[in-house]
Amino acid sequence: MARSIWKGPFVDGYLLGKADAARESKRSEIIKIWSRRSTILPQFVGLTFGVYNGKKFIPVQVSENMVGHKFGEFSPTRTFTGHSSDKKAKRG
Amino acid sequence: MPDPRILVGEIGRPHGVRGLVKIHAFTTEPSDIASYGPLTDAEGVRTFALGWLGGGVARIEGVADRDAAARLTGTRLYVARERLPPVEEEEFYLADLVGLDAATVEGEPQGRVVAVEDFGAGPFLTLRDAEGRETLLPFTRTVVPVVDVAGGKIQVALPDEVIVQPEPGENGLSEEPATAIAGASPLPRRSQHRRNGGQRDAAD
Numbered sequence: 001m002a003r004s005i006w007k008g009p010f011v012d013g014y015l016l017g018k019a020d021a022a023r024e025s026k027r028s029e030i031i032k033i034w035s036r037r038s039t040i041l042p043q044f045v046g047l048t049f050g051v052y053n054g055k056k057f058i059p060v061q062v063s064e065n066m067v068g069h070k071f072g073e074f075s076p077t078r079t080f081t082g083h084s085s086d087k088k089a090k091r092g
Numbered sequence: 001m002p003d004p005r006i007l008v009g010e011i012g013r014p015h016g017v018r019g020l021v022k023i024h025a026f027t028t029e030p031s032d033i034a035s036y037g038p039l040t041d042a043e044g045v046r047t048f049a050l051g052w053l054g055g056g057v058a059r060i061e062g063v064a065d066r067d068a069a070a071r072l073t074g075t076r077l078y079v080a081r082e083r084l085p086p087v088e089e090e091e092f093y094l095a096d097l098v099g100l101d102a103a104t105v106e107g108e109p110q111g112r113v114v115a116v117e118d119f120g121a122g123p124f125l126t127l128r129d130a131e132g133r134e135t136l137l138p139f140t141r142t143v144v145p146v147v148d149v150a151g152g153k154i155q156v157a158l159p160d161e162v163i164v165q166p167e168p169g170e171n172g173l174s175e176e177p178a179t180a181i182a183g184a185s186p187l188p189r190r191s192q193h194r195r196n197g198g199q200r201d202a203a204d
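Protein chains in written order, with full-length UniProt numbering: chain A, 1 to 92; chain B, 1 to 204.
The set of hints was computed from the structure by calculation and includes no laboratory data. Careful: at least some of the hints might be erroneous.
As the list claims (entries may be wrong) - Derived pair list, reagent style BS3-like, types lysine-lysine, alpha-carbon separation capped at 30 Å: (1) A:Lys-88 <-> B:Lys-153; (2) B:Lys-22 <-> A:Lys-87; (3) A:Lys-55 <-> B:Lys-153; (4) B:Lys-22 <-> A:Lys-88; (5) A:Lys-18 <-> A:Lys-56; (6) A:Lys-70 <-> A:Lys-7; (7) A:Lys-56 <-> B:Lys-153; (8) A:Lys-18 <-> A:Lys-70.
Claimed, not checked - Interface residues of chain B toward chain A, partial, derived using beta-carbon atoms under 10 Å: (9) Ile-6; (10) Phe-26; (11) Thr-73; (12) Val-79; (13) Leu-84; (14) Ala-95; (15) Glu-131; (16) Glu-134; (17) Pro-138; (18) Thr-140; (19) Val-143.
What the hints assert, rightly or not - Label-pair restraints from in silico Cβ distances: (20) A:Phe-80 <-> B:Leu-158: 22 to 28 Å; (21) A:Thr-77 <-> B:Lys-153: 29 to 35 Å; (22) A:Ser-28 <-> B:Asp-148: 19 to 25 Å.
In this text, a Cβ means the ideal position worked out from N, Cα and C, and glycines have one as well.
Please take these sequences and the hints and turn them into a complete structure.
This is how it looks when you write it as structure tokens:
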């Protein structure tokens, strides 16, 4: 069942302060967080978080399309192995 | 230096009696495996010209019956790196990035690229140093300013790390006070029922 709209999105409050500080510092930094349950808010766009998956901090570069999703969605906890083959990566 | 040959698939079990085979394609689009021209086996001795039929089934030139197809099951298929189409600006084949040596701008070695992954939030590199420690870095122009595939190295600018420790409330403990309803128990009905040893409350 979806979360009630009247409650608003859930986010751990202390992330907001850290995100504000990171945006103002304008340095290249990774904010390492354990809060996989927090919703990605518009003020996080452009920042890079390291989201803990139980073993390591997966870098999550927040973009506009990710707003409304949870941090944990981008940091899988199961190991996936595949072949690189002809797959490409675009440098952001 | 990256491997000049790239693994793109594997021949699976025979399909039917006319020499068709199932193909496990590792390419982004499965049908692309047939578009790179003849493929070779691991030793580079045999060549296979595939005709893609859809649904993971392909015809291999020169293979006309099921027995011949069955003998090829498990054969890994490779393509020469130069057969892959050129990439756009700021784009790199993962096969080119894996194996590159990483060093900081000051020249301090940071290990070797062992994997490039993308879980929907931008690609990132996994570096592993001589002691086996892994470092995960976002693949951005800020963090990886120089990628020299021909030279076999990348230059990284390690980002600062801000550690945000979990606070009370993150480990499942609610920070919000329990809802106060006059006369209501904080426990759900089932828990209350068990606490009473299976006896119903007088109020019930």
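Checklist entry - Holds or violated: 29 to 35 Å for the Cβ distance of Thr-77 of chain A and Lys-153 of chain B? => result 32 Å, holds
Item checked: 30 Å Cα cutoff - pair Lys-55 of chain A, Lys-153 of chain B -> Given that 30 Å is the threshold and the Cα spacing comes to 27 Å, the pair holds.
Proposed proximity, Lys-7 of chain A with Lys-70 of chain A (alpha carbon, max 30 Å): At roughly 16 Å apart (the allowed maximum being 30 Å), Lys-7 of chain A and Lys-70 of chain A satisfy the hint.
Checklist line | 22 to 28 Å as the expected CB spacing between Leu-158 of chain B and Phe-80 of chain A, which holds or is violated | finding: 26 Å, holds
* **Pro-138 of chain B as an interface hint toward chain A, with CB separation required under 10 Å** => Holds, because the Cβ-Cβ distance from Pro-138 of chain B to chain A comes to roughly 4 Å (cut-off 10 Å).
Need the status of pair Lys-18 of chain A, Lys-70 of chain A: alpha-carbon distance at most 30 Å? 17 Å, holds
### Hinted pair Lys-22 of chain B and Lys-87 of chain A, Cα distance within 30 Å
With a Cα-Cα distance of about 21 Å, the restraint between Lys-22 of chain B and Lys-87 of chain A holds, given a limit of 30 Å.
Could you grab the alpha-carbon distance between Lys-18 of chain A and Lys-56 of chain A and see if it respects the 30 Å cut-off? With a Cα-Cα distance of about 20 Å, the restraint between Lys-18 of chain A and Lys-56 of chain A holds, given a limit of 30 Å.
When the nearest CB of chain A is found for Thr-73 of chain B, is that gap smaller than 10 Å?
Check failed: Cβ of Thr-73 of chain B comes no nearer than 18 Å to chain A, outside 10 Å.
Regarding the pair Lys-22 of chain B and Lys-88 of chain A, is the alpha-carbon distance no greater than 30 Å?
Distance ~25 Å between Lys-22 of chain B and Lys-88 of chain A Cα, so the pair holds.
**Asked** Holds or violated: Leu-84 of chain B as interface residue toward chain A, Cβ cutoff 10 Å?
**Response** 6 Å, holds
- Close enough to count: is the Cβ of Val-143 of chain B nearer than 10 Å to one in chain A? Holds, because the Cβ-Cβ distance from Val-143 of chain B to chain A comes to roughly 6 Å (cut-off 10 Å).
Taken one by one, the earlier hints fail for this structure at numbers 11, 15, listed in ascending order.
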